[in-house]
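Q: Below, each chain spelled out in residue letters.
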Amino acid sequence: MAIEVRIPTILRTYTAGAKAVDAEGATLDELISNLESLHPGIKDRLVDQGNLRRFVNVYLNDEDVRFLGGLGTPVSDGDTVTVLPAVAGG
Amino acid sequence: MLTISQELVDKIVAHARADHPDEACGVIAGRDGVPERFVPMENAERSPTFYRFDSMEQLRVWREMDDRDEVPVVIYHSHTATEAYPSRTDVTYASEPDAHYVLVSTRDEDETEFRSYRILDGAITEEEVRFVP
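Protein chains in written order, with our numbering: chain R, 1 to 90; chain Z, 1 to 133.
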């Protein structure tokens with residue numbers, strides 16, 4: 001089993017159009033590194049200088065990982081990680 | 001071009017007026033490029049100069065759209081002191097390449113500006129809006 005990562009429209013250029021891809025890791029950080037090895041370039045869109053980008057929302061199942069442990073959040077097989085760019089502006 | 005019903009336009013404008021002087025924001029969900037379902041969102045910033053969807057509300061609404069095979073056809077927000085034209089921040093954070101970005105200005109008490117744009121790779125393209133009954 002793996003962890004399903006749901007990819008927003010704007011990042012599907014990295015996943016050959018796939019809406020969801022599988023990846024592995026024990027933490028969100030590891031999961032994103034694994035994702036990067038499978039879909040090069042995607043990590044930079046999610047992480048900036050060792051932190052999640054401020055205007056990218058990442059959810060573990062039903063929770064915003066900002067309220068969990070950020071990149072250190074443990075993940076396990078069967079979890080779903082959802083990426084949604086924040087809708088924001090001025 | 002954005003084709004949108006007058007009823008939805010009225011709802012967007014009413015939301016923008018109600019939240020003035022803070023910015024109001026939301027989505028019109030739909031299929032095949034047709035805006036159908038009005039989804040007002042909370043502005044988590046509660047600010048006259050900035051808006052951001054609440055992250056948990058966004059997850060709920062995006063899942064709901066997914067379940068109904070809908071997409072955010074329109075993403076709207078208001079400017080409360082300036083014209084209905086995308087700001088630099090609007091362009092920086094625009095992240096739905098297929099959405100019509102609707103801007104409403106409530107700076108004038110009696111008249112509401114209602115305009116629509118595509119925002120793609122940092123470029124703003126204004127488009128015609130066709131109001132239908």
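Honestly, the hints are just simulated from the structure, not real lab data. Glycine included, every Cβ here is placed at the ideal spot set by N, Cα and C. Don't take every hint at face value.
Claimed, not checked - Straight-line distance between alpha carbons at most 20 Å, and here's what the computed SDA-like set of lysine to any residue pairs gives:
hint, chain 1, residue 1, chain 2, residue 2
1, R, Lys19, Z, Leu59
2, R, Lys19, Z, Val71
3, R, Lys19, R, Ala2
Stated by the list, open to error - Listed below are several chain Z residues computed to face chain R (Cβ distance under 8 Å; list not exhaustive):
hint, residue
4, Thr49
5, Trp62
6, Asp98
7, Phe114
Q: Which constraints among the numbered hints does this structure fail? Numbers only, ascending.
A: 7
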